[in-house]
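Protein chains: 2
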Amino acid sequence: VEIGLGSRTNTIMQSAFFKIAQVIPYDKAVEQMKKAIVKTFGRKGEGVVKMNNEAVDQGAAVIKVDVPAEWSKLEGKVVINGVKNAPDFIKNFVQPINAQKGDDLPVSAFKGMEDGTLPAGTTAYEKRGIAVDVPEWQMDNCIQCNQCSYVCPHAAIRPFLLDEKELAGAPSGLLTKKTNGKGFEDLQYRIQVSVLDCTGCGNCADICPAKTKALVMKSLESQMPQKENWDYIASNVTYKDTISPKDMNVKASQFAKPLFEFSGACAGCGETPYIKLITQLFGDRMMIANATGCSSIYGGSAPASSYCKGDDGRGPAWANSLFEDNAEYGLGMALGVEKMRDRIERKMKESLTEVNAETKAVFELWLENKLNGAKTMEISKAVVKTLANETHAVAKEILALKNYLAKKSMWIFGGDGWAYDIGYGGLDHVIASGKDVNILVMDTEVYSNTGGQSSKATPIGAIAKFAASGKRIRKKDLGLMATTYGYVYVAQVSMGANQAQYFKALKEAEAYPGPSLIIAYSPCISHGLKNGMGKTQEEGKLAVESGYWHLFRYNPLNEDEGKNPFTLDSKEPDWSKFQAFLHNEVRYTALLKAFPADAAELFKASEDNAKWRYSSYKRLAELDYKIIE
Amino acid sequence: VEIGLGSRTNTIMQSAFFKIAQVIPYDKAVEQMKKAIVKTFGRKGEGVVKMNNEAVDQGAAVIKVDVPAEWSKLEGKVVINGVKNAPDFIKNFVQPINAQKGDDLPVSAFKGMEDGTLPAGTTAYEKRGIAVDVPEWQMDNCIQCNQCSYVCPHAAIRPFLLDEKELAGAPSGLLTKKTNGKGFEDLQYRIQVSVLDCTGCGNCADICPAKTKALVMKSLESQMPQKENWDYIASNVTYKDTISPKDMNVKASQFAKPLFEFSGACAGCGETPYIKLITQLFGDRMMIANATGCSSIYGGSAPASSYCKGDDGRGPAWANSLFEDNAEYGLGMALGVEKMRDRIERKMKESLTEVNAETKAVFELWLENKLNGAKTMEISKAVVKTLANETHAVAKEILALKNYLAKKSMWIFGGDGWAYDIGYGGLDHVIASGKDVNILVMDTEVYSNTGGQSSKATPIGAIAKFAASGKRIRKKDLGLMATTYGYVYVAQVSMGANQAQYFKALKEAEAYPGPSLIIAYSPCISHGLKNGMGKTQEEGKLAVESGYWHLFRYNPLNEDEGKNPFTLDSKEPDWSKFQAFLHNEVRYTALLKAFPADAAELFKASEDNAKWRYSSYKRLAELDYKIIE
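Here the protein sequences come in this chain order: E and P.
So the numbering used here is basically just the index in the first sequence, starting at one, shifted up by 2.
So the numbering used here is basically just the index in the second sequence, starting at one, shifted up by 2.
Simulated from the structure, these hints should not be mistaken for lab results.
Possibly wrong hints are sitting among the right ones.
Taking CB as the label site, the calculated pair distances span [unchecked claim]:
{"no.": "1", "chain 1": "E", "residue 1": "Lys341", "chain 2": "P", "residue 2": "Arg10", "range": "35 to 43 Å"}
{"no.": "2", "chain 1": "P", "residue 1": "Leu324", "chain 2": "E", "residue 2": "Leu403", "range": "37 to 45 Å"}
{"no.": "3", "chain 1": "E", "residue 1": "Ala359", "chain 2": "P", "residue 2": "Ala38", "range": "47 to 55 Å"}
{"no.": "4", "chain 1": "E", "residue 1": "Lys341", "chain 2": "P", "residue 2": "Val218", "range": "53 to 61 Å"}
{"no.": "5", "chain 1": "E", "residue 1": "Leu373", "chain 2": "P", "residue 2": "Thr119", "range": "57 to 65 Å"}
{"no.": "6", "chain 1": "E", "residue 1": "Lys341", "chain 2": "P", "residue 2": "Leu324", "range": "28 to 36 Å"}
This one's a predicted model, so the numbers in the text were calculated from it and none came from an experiment.
The beta-carbon is built from N, C-alpha and C at its ideal position, and this holds for glycine as well.
Based on the provided sequences and hints, a complete structural model is requested.
Okay, here's the thing in structure tokens:
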């Protein structure tokens with residue numbers, strides 16, 4: 003931290019190793035390490051080289067710590083980090099695998115999971131405690147906007163509303179304040195951090211808009227007492243997301259439980275906040291087909307599942323397919339569900355005159371609202387309840403299909419390598435089908451998980467593998483391509499730039515009765531942000547302000563009303579900030595080091611292209627779609 | 003012909019077989035055949051059923067022909083149909099294979115073809131004589147527009163210009179007339195049909211714009227004397243395509259030799275005329291990557307090759323790859339050629355101060371024109387000639403690469419199943435690359451060669467396999483999608499609707515120094531044209547007139563000049579003709595029979611969609627691209 007390398011400890015640890023182990027003379031080791039640093043980081047600039055050299059030097063300052071003699075007699079035992087009452091699945095299955103003892107599991111350990119399905123929500127038991135610093139809530143400064151929670155990549159900071167009873171049993175350190183707003187008079191407000199799940203990125207504190215920051219990063223050690231508060235809340239406090247309906251606005255959405263939490267994504271990940279919000283709004287009736295990539299790794303590295311369930315036991319059903327066919331995989335799920343629901347419809351219609359009056363009424367209600375997600379969630383419960391008293395044979399048949407009574411929110415997730423490149427043929431096929439699926443593309447403009455290869459989403463001038471001298475051609479406009487169908491909802495978003503625009507796009511996309519495509523700008527560790535991963539939200543904002551990324555929504559439903567389906571949501575960029583934006587990320591500045599002449603040319607081309615693209619969006623946004631009879 | 007079934011002889015022959023063979027009582031056979039007709043053709047309408055029933059009845063009118071006794075002693079011998087002096091390759095390789103004796107070929111027969119390369123132009127030796135009727139030229143009526151030749155799917159009708167010497171040796175029946183136009187004073191004009199290569203579709207006669215038709219369909223037998231004329235011309239008359247440069251206009255282009263001829267395509271094929279013109283303009287420096295499909299079958303069913311060479315021995319290099327990677331295959335060829343040509347460039351530059359003055363001059367000329375196709379064709383000859391006298395070692399190195407001196411015209415061919423569906427991911431990847439390749443999509447709106455499966459190019463309401471009750475969603479707009487890159491030349495054409503527009507688009511596409519995509523409306527036997535395959539050009543015209551298909555060009559170069567890159571080439575359709583267009587093709591009318599209620603709805607949706615698409619093109623065409631400084 004003092005050197006400026008943040009939480010990157012590898013160089014200092016390497017030096018310390020050579021100092022202690024003496025496998026080669028330490029002087030020689032220092033010489034070679036510094037040589038390697040120039041070779042590895044030379045392109046990234048002198049600053050980075052200097053910091054790493056200093057890390058080598060500081061590694062020499064080792065302190066000998068004597069280990070108590072009794073440690074040699076300790077018994078090996080798996081300890082679940084501070085979690086009480088872990089379920090058997092965690093104790094008998096997850097922990098052995100995480101402790102590299104998976105090979106020792108007997109076949110019988112897989113009983114009940116023969117089809118490969120694993121229980122959800124296991125990451126809550128990891129409590130990795132990897133953060134150096136975690137946010138401390140400054141209650142008096144807090145304006146209760148919930149933005150910290152909205153942007154947190156790991157769902158480790160959340161607002162809670164506590165009623166009298168919940169407050170009564172709380173630990174004494176659990177302080178609360180009066181909740182703002184009408185309808186909340188009887189509830190106390192609190193921001194709670196799960197300090198052992200936090201990765202310490204600091205985006206929450208950075209984004210906090212309070213006059214004096216309501217979140218301050220403090221050492222994990224100093225915040226350990228918060229663990230007790232978190233545990234109390236996790237077990238005793240409900241998520242009150244209906245007083246203001248959770249789909250009302252950004253703030254209200256954060257009172258809903260994230261059904262995606264504590265994933266293994268990088269600290270500050272630009273992708274995960276997008277997913278988290280989707281699970282908050284639709285997670286209780288959601289299915290996800292996830293393309294291989296970062297999102298499949300942090301989504302479900304067996305036996306871990308970062309997708310979890312709400313108090314009603316409902317949560318996303320998640321599965322992962324390959325790069326080249328994930329969209330098709332999701333379409334298959336959608337078609338399967340459609341068939342089941344059509345069957346329910348047919349069964350209900352066929353028996354409508356034969357069932358009792360109560361059943362008839364609830365069937366009719368369901369039939370009328372079959373395609374309405376939120377309503378079928380409610381009606382499904384009524385159907386199940388009513389059928390308990392129905393003697394007609396149809397009752398049994400429909401109860402057998404009860405999991406399909408609620409309209410599913412079908413999602414297809416993946417990165418740009420999948421969506422723009424390898425899986426694009428399938429993505430195109432799926433949106434062309436006109437089926438009601440929702441696609442989220444987390445666009446990091448590079449194959450992130452496989453090691454930073456160039457994709458068709460990589461912009462001109464960016465360095466990537468297979469584009470070591472800078473990508474030579476402009477980024478593909480996936481969103482605009484999808485709009486040509488005329489029946490595909492498309493949105494291009496950047497949460498950091500406009501939280502409400504993403505919120506709106508997400509709701510519109512999910513509600514649209516056809517294919518939807520959301521392309522989400524996702525700052526990534528592979529970009530080499532000079533401001534660090536604690537500023538990913540800020541970076542998403544700069545991207546739009548500078549004209550590097552544009553926000554738009556294309557809603558086919560507008561056209562039926564004689565309105566332009568294309569809405570440009572970002573305002574005229576401040577082009578003077580464009581070059582500064584590029585100079586703020588190593589994927590661009592590395593080019594300056596390696597190929598300075600090319601860099602000048604390519605950076606200009608990048609700006610020209612951004613302007614070209616903005617002009618084209620502007621022209622589209624100004625088109626007249628008035629219906630002339 | 004009398005019944006109205008044209009050249010479809012199968013039903014009548016089947017009936018005759020049962021009449022003669024008496025394998026079952028003939029009455030029973032008739033009964034069963036008529037039952038089968040209703041089952042097979044019922045959907046296609048009463049007319050078709052009636053005609054087939056009549057064919058069954060007429061099949062009974064068999065006439066006994068006595069075979070001369072000496073026929074029993076004839077020796078089996080492969081006869082090359084009327085072709086004198088066939089090359090050994092034809093006699094020893096092609097003919098045995100075509101006679102189903104390929105298994106008997108010794109390994110040594112493949113000597114010189116170990117890499118799988120086969121000689122070009124073998125279809126000229128097939129002379130299949132499959133036409134019932136072929137066109138007879140009415141010299142006095144002819145206005146010398148050359149349109150018959152432009153539209154001929156099999157290159158079986160061509161205009162020739164004969165000089166005095168060529169005329170002198172001609173057979174007496176070879177009549178000619180004075181050639182129209184300046185510069186042609188010394189040449190006589192003639193339209194010559196190769197009657198044994200003609201398939202008898204009749205598009206030439208149909209398209210003939212002369213006041214009184216200059217082409218009349220007559221029985222093949224009556225036209226057999228034309229064979230002598232064709233043979234004379236094929237061996238003795240040159241193609242005079244430089245008096246008016248062949249790339250000047252449609253008419254001039256037809257004096258160039260088609261380097262694609264006598265293919266196995268269906269009579270009246272809507273695809274092949276597009277390919278033929280490309281070979282006339284660029285065939286002498288052309289490489290083709292051909293997706294599997296009709297175009298790969300008629301392009302090169304081993305050992306047949308319908309691609310041939312000009313008098314200079316140059317012609318298209320052609321190869322076929324699979325559906326899923328043909329675009330990539332073509333890109334690979336382009337990249338390979340680019341590397342070779344870059345190597346030539348480097349070698350020339352490195353040796354520029356060391357070679358003799360003449361070599362230096364020709365190197366400089368080449369370097370200056372490296373990317374100009376037509377010019378490098380000329381300069382290449384000069385380079386080769388000059389290097390014969392060059393002592394510098396570079397001479398040998400460049401002569402080893404002489405096949406790469408001329409800039410190649412790189413083409414990627416395929417149908418809509420390839421381009422819109424299975425190969426689309428690759429096609430997108432290739433156009434995104436920005437490389438100078440040209441793509442021709444022959445859009446039949448259905449997987450033609452594999453048996454009529456629905457593709458994303460299949461329009462709403464059309465019947466196809468996997469869309470037996472009519473396609474339910476609108477056609478994908480491949481062209482518009484490609485325009486979103488901003489650096490891809492795109493044209494949507496229909497030769498039958500506007501010959502000049504295709505000609506222009508083709509020239510622009512080839513000249514464009516980046517990826518080009520031409521989407522060509524191709525009437526197909528799978529459409530079930532009520533007017534028959536002799537009216538495929540007419541059908542392409544009706545498609546545009548009625549608003550079913552639209553013509554446009556998107557040329558990125560325009561934008562540099564502050565002009566709109568998008569040009570809508572077809573005028574406001576006559577929408578009153580739209581429904582009639584649908585009712586003129588069995589792929590639509592079959593729906594009327596099978597699902598009348600759906601048909602009404604889908605046909606309306608089809609028209610609505612056509613209007614929607616036209617409106618969108620119109621809006622794009624009206625955009626203002628003025629550069630504001």
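Verification of the hints:
1. E/Lys341 <-> P/Arg10: 35 to 43 Å: 41 Å Cβ-Cβ, so the 35 to 43 Å window holds.
2. P/Leu324 <-> E/Leu403: 37 to 45 Å: Since P/Leu324 and E/Leu403 have Cβ atoms about 41 Å apart, the given range 37 to 45 Å holds.
3. E/Ala359 <-> P/Ala38: 47 to 55 Å: Once the Cβ atoms are compared, 54 Å apart, the range 47 to 55 Å for P/Ala38 and E/Ala359 holds.
4. E/Lys341 <-> P/Val218: 53 to 61 Å: Holds, at about 58 Å.
5. E/Leu373 <-> P/Thr119: 57 to 65 Å: holds (58 Å)
6. E/Lys341 <-> P/Leu324: 28 to 36 Å: holds (32 Å)
Hint compliance for this structure: no hint is broken.
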